[in-house]
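> Sequence:
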Amino acid sequence: MKAFCIFAVVVLLKLVQSQQLTLVLNQENRHYYAYSNTKAIYQDAINVCQTYTPPDGFTGYLVTVTSKDEHDWIGSHLGAISSVWIAGSDLGDVGNWTYNVGPEKGQIMYDLYSERTYTFTNFPYTEPNFQVGENYLVSNPNSKDGWNNVVASTQSNYICEFSPIDEPFIPTVHSEGDMVTVNVSGYDIATLEIKFTSVSQPNFNCQNIKKVGENAITCQIPSGTGKYSYTLSDKVKSSKSVPWQYHPPHISVIVPSLGSGSTVTLVGDNFGNDASKIQITLDITGTNTECNNINIITPFKKMSCSLKQLLPKILPFQVVVNSISSRYNKTSIYHDGSKSIFYISFYTATKYSVMLDYSKLTKVDGNTGYLSSFDNEAQFKFVKQYYPLTSPWYISLGIKIETIDPLLYFYTAGPSIGGSADNFYYKYFGTNPDWMREESYVTMDFEYESIMTQTIEDSRTIYGGLIEFGGYLPTVRNYQTPYLIDTDGGTIFVQLDNFGTSLSYTSVQTTNLLSFSISYYKGGISMTISHVDLVAQKIPIKITIDHVEATPVIYYDRSHPSITNIKPSIDTAGGVITITGASLFNQESAITVKGIVCHDIQFTTPHKQFTCSIGPGTGMKSISIDVGGKVSNTFNYNYQDPTITSIPPIPTSGGIVTIQGTNFGIDKTAISINQCTNIEIITPHTTITCEFNQGQGDLSVTLTMGTYSTPPFKTRYQYPTISNIIQTIGNIDIIGDNFGWDQSKLIIKMDNYLVIGSSCTLVSNTNIKCNNLATVYGPFSISNDNGVNFGTTYNYDLKPQITSTFEGVCFNPQEKLTIKILYMISKSSTFKIKYRGQYYQVNILDSFTSEFIIPDGSGIVPLQFETDNTRLSNEVSISYCPTVIKSIDFNIRTRKYEITGTGFSSNSNKGLITSTNGLSKLNLQVDQFNSTFISIGLPMDAKSGLVMIDTSYQLSNKVWINITPEIESASNPLEQGSPITITGKYFKTVDIDGNNVGLEFSINGNRLTCEAGSNETSVVCQVPPGSGKIIINVKSLSAKNGESDSTDLTLTYIKSPNNNNSSNSESNNNNSHSGSTNNNNNNSSNGPSNINNDQNNSNYNSWKFKAPLIVVSCLLGVSLSIGVFIFLRSKAASDFFNRFRSRRSRMHRNEISFELM
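Mapping to this note's numbering: the sequence shown position 433 is 441, numbers consecutive.
Hints may contain errors.
[Claimed, not checked] In silico lysine-lysine, DSS-like type, Cα no more than 27 Å apart, as pairs:
#, residue 1, residue 2
1, K904, K993
2, K638, K676
3, K389, K310
4, K929, K1048
5, K338, K235
6, K546, K638
7, K347, K152
8, K219, K575
9, K629, K218
10, K152, K321
11, K753, K777
12, K219, K203
13, K546, K629
14, K828, K777
15, K835, K807
16, K828, K807
17, K245, K235
18, K248, K76
19, K602, K546
20, K316, K347
21, K530, K368
22, K218, K113
23, K285, K316
24, K338, K321
25, K310, K359
26, K285, K245
27, K904, K894
28, K368, K347
29, K152, K47
30, K530, K338
31, K575, K616
32, K1037, K1063
33, K203, K235
34, K152, K113
Keep in mind that the hints were calculated from the coordinates and are not lab data.
Given the sequences, and given the hints that come with them, work out the whole structure.
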């Protein structure tokens, strides 16, 4: 099976892919058509059309021929076509042909049993027939009778049609007008307009548009005839024009005549009401004679015309109504003599049984057909005259042979079924030797008027049937109970069988009847009743067809009152309501309202609407109405449902809350609320209170009254509010209200950063504690519902917090201070230290650590850390270490005093020598300094005393300094001993306190006797005899404060002035403090005249031996000098000399250790 399916699909795909169709546009309907010259079975033809790629926006299907115009266009534009598949099938309902594809799918085309065409057909005499399996149509577009029903396996060409996908389809309707259903997908129904236009007739709109589905509407097309085009439009778009027409004229019975000037009467429908738009042509294949003087006898249903010449026959004939034509190859004919309607079916059948069944389904107007027979020769000749049958044509009669001996005939159908038929008309017995058989059925050779018999299942090639209409009693169909009419009247449609034709006499009698109309098309009679009286009994309806009363007896009755609406839904305080319905009569006294007290009844529209007043109430009331003893349906009317209009945000701690709304009524016990208890009515109908539990987040409040519950009213617990934020180092206390109770729903937002998790702890409804927050910037806001909503913002940025403590520690200027800080975050990367009111740069080591160089200062100083130029940390204090002089050293090389200690200023220092009592002060010259070292020079008037350092912030301790006297120069002494004058500085004999200070000059450790010179910068000392070099040393001595460092100078003894010339003596007389010594060198030019040659020779011999040694010594000296020079240029040499070439002065540290400015 699977293999077969795959094979079938492949074959179909090849078939579709192989088609190359030429599309031709029909300018009238804007559809494309394509003829396939490839033959295919029916289903393949459908598949090709449906799957062929159409123009954009179009869809394809097997052609649906819906009008003569379309049929003629196909015949003239698609070439010479002999036989093609077209849409149409009676599969599943044989005899009723409908479109089975395309937009018209499901619309009826043709009814074989009534010969009624709804759109367009083109069947010949013998089609369509009842051959088994012939359920599909082929057409010869170039023939007037070119349609035929065939089996689906027939190989035939086909035509595809392509129409716009969005083209709306409106089915054709009867000329009396009808309701249609239209798919209006894509249109706005509220503004939809469906307009029908014609070039020759008034335009109209489809009225009473009602929505009946998601994309469907119904609307009423009025009565009319002819061709139109329709468009759909709304406020946005409009469709293209689509051709449309009313049903073609239908002839059900003809009252024939052949004589010139005689009248022919035609009965049917879709004639319209304008004789000028009708053309009737008889014998169109022969004399083609027009029937003139057309007269509308009954609008839409019956007309007559006059023959202008003698006719040999009537069939076939054509009727045109307002340009829509119908061609009739066969129709029923009326025999006035017997008041009978006969019809001979021109169709192919194989069995009498099929013919018998078919005849029972045929219908002319309101009458059902049956196989019949001729009562006499006149009837036979009448029928034969108007049915020009060709030979041979066998007509089944409604007769059978019941017994052979005696020979008895009986009717097989019709009103006389089973009755004796011995007197039916025939002229001859046929030649069939087997015709005399029991249970055999009679067939007439129409040409020879002879009869023959056959069994019910015997077959013949060509079969027709003599069908007669009428004779049955009129009956009401589907009647069970009285028809119900509202008190203001209405319409009854009574379905009937065998209720005549337009040639029949029909009457309707009943109480309050306004009018009635017969619709053979719909199968019954419509009656309009003006009103129904307030009576207890049902009212009979009498229908008579040709003086025969229809059975069973039928009645109409006053319908029960009905309630369709009660408005408005009034509030619980009561008021006036309007009850709308039907069959309410027109007298207030006849109405009783049940289910609620309703007084002061007043009609606003008789029979349909009245008002009355009701009192206070709540919930639903089941209301019904009694009118004259008949009770209506029960209508569930509700007072206005309670509504909640406001519930203020509820404190998270819960409590009593006021709820505003409407229709709460006055009974608190009738109210329940899902979220609170202890309900109290504060203001009837509008205000209640109830008590809520503690909670947080959103809340859906539903109030229930009776069976009704309000829609959930969305309220909430109050959003958190922050009143204060307290920051204690790293801990944050958030103070406020409505924080809630559930830590898991708590979210804090800081500058759009969500703080979730362990950073914060919900302590209470009013307090949250946080630490180690990941950000510092506000504003703060809090959500107690998992971040869905946040309360009002609180503007606060976390301040940096210094966590370092400096208690018990002091710091010196220029010392690096390492500070630990929380929340050291800056958007602008701006970090500063606020120190003693001024700002200093800071070095950021990491996210928690900074480094700061302590400026000069003293005492206890407040310090804060600032970020972003605004966020200032907590304040901490640091203590300066006191300024302390630890030592004072005299640098003999630089002749400066070097003070070491701590707490010196890096910017400015001032040195002082002060007396013990502090009254005398002497400023010292500060040459260079740092926080632990100061180099100072002394002014010329400096005296020994207490030294202290003033850093501008604090004073140091005081240390006694014995000023070292400095020898700057001295005269060389004579070898025989002589006084020398020594000059220098600080040759002071008293200290700053006025205490005596002794100056001790010595040579090689031996004290000299000296006396003051002319001023404090010179002394004269007596030098003992000697020779060579000597070192003169000086220091100061104090009985109270000890001795100072010493300075020295190297001198050289010189000869007596008597042994040297004057120039030599003068040049070697003085030595400077540089310590250089000038030796006296004698030579021949400068020496005394008494120096002889022996001495010279002796000197020469002495140098002769010493010269080599001198050269070597010089080389070693040069090398050593270079090394010493390099060493002296280094810092190490400087430090060496500073430390070891000087001698410490005695210090009295117990004098004054520290002093504040």
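> Next, verify each hint and record whether it holds.
Okay, the hints, checked on the actual structure:
Proximity of K904 to K993 is assessed by CA-CA distance (about 13 Å); at most 27 Å being required, the pair is judged to hold. As the CA atoms of K638 and K676 are separated by approximately 39 Å, the hinted pair breaks the 27 Å bound. For the hint pairing K389 with K310, the CA-to-CA distance comes to about 26 Å; that is within 27 Å, so the pair holds. Distance check on the hinted pair: K929 and K1048 sit about 20 Å apart at the alpha-carbon level, within 27 Å; holds.
Proposed proximity of K338 and K235 is supported: the alpha carbons are some 26 Å apart, at most 27 Å. Restraint check: the Cα-Cα separation between K546 and K638 comes to about 13 Å, which is no more than 27 Å; the hinted pair holds. Pair hint K347 plus K152 does not hold up; C-alpha atoms about 34 Å apart against a cutoff of 27 Å. At roughly 23 Å between alpha-carbon atoms, K219 and K575 fall within 27 Å of each other, so this suggested pair holds.
Between K629 and K218 the alpha-carbon distance is near 31 Å, which puts this suggested pair outside the 27 Å criterion. Restraint check for K152 and K321: the C-alpha separation of about 19 Å stays at or below 27 Å, so the hint holds. For a cut-off of 27 Å, the pair hint linking K753 to K777 stands: about 15 Å separates their Cα positions. Between K219 and K203, the direct Cα distance comes to roughly 17 Å. Compliance with the 27 Å bound is thereby established for this hinted pair.
Note on K546 and K629: the hinted pairing is violated, with a Cα-Cα distance of about 32 Å set against a maximum of 27 Å. Between K828 and K777 the alpha-carbon distance is near 22 Å, which keeps this suggested pair within the 27 Å criterion. Simply put, K835 and K807 have alpha-carbon atoms about 13 Å apart, close enough for the 27 Å limit, and the pair holds. As the CA atoms of K828 and K807 are separated by approximately 14 Å, the hinted pair is consistent with the 27 Å bound.
For a cut-off of 27 Å, the pair hint linking K245 to K235 stands: about 24 Å separates their Cα positions. The suggested pairing of K248 with K76 holds, with an alpha-carbon distance near 22 Å, which does not exceed 27 Å. The straight-line distance between the Cα atoms of K602 and K546 is roughly 25 Å, inside the 27 Å bound, and the hint therefore holds. For the hint linking K316 to K347, the alpha-carbon distance of about 26 Å falls within 27 Å, and the restraint holds.
Simply put, K530 and K368 have alpha-carbon atoms about 19 Å apart, close enough for the 27 Å limit, and the pair holds. Taken as a hint, the K218 and K113 pair is honoured in the structure, with Cα atoms around 23 Å apart against an allowance of 27 Å. Taken as a hint, the K285 and K316 pair is honoured in the structure, with Cα atoms around 19 Å apart against an allowance of 27 Å. This hinted pair checks out: K338 and K321 have alpha carbons roughly 12 Å apart, not beyond 27 Å.
For the proposed pair K310 and K359, the alpha carbon gap of about 36 Å is over 27 Å, so the pair is violated. Of the pairs offered as hints, the one joining K285 and K245 is violated, with about 35 Å between alpha carbons and a cut-off of 27 Å exceeded. Distance restraint check for K904 and K894: the Cα-Cα separation of roughly 17 Å lies within the 27 Å cut-off, and the hinted pair is therefore satisfied. The hinted pair formed by K368 and K347 meets the criterion: a straight-line CA distance of about 20 Å does not exceed 27 Å.
At roughly 23 Å between alpha-carbon atoms, K152 and K47 fall within 27 Å of each other, so this suggested pair holds. Restraint check: the Cα-Cα separation between K530 and K338 comes to about 23 Å, which is no more than 27 Å; the hinted pair holds. Between K575 and K616 the alpha-carbon distance is near 14 Å, which keeps this suggested pair within the 27 Å criterion. Note on K1037 and K1063: the hinted pairing holds, with a Cα-Cα distance of about 13 Å set against a maximum of 27 Å.
The suggested pairing of K203 with K235 holds, with an alpha-carbon distance near 13 Å, which does not exceed 27 Å. Of the pairs offered as hints, the one joining K152 and K113 holds, with about 25 Å between alpha carbons and a cut-off of 27 Å not exceeded.
Checked against the numbered hints given earlier, the structure breaks hints 2, 7, 9, 13, 25, 26 and satisfies all the rest.
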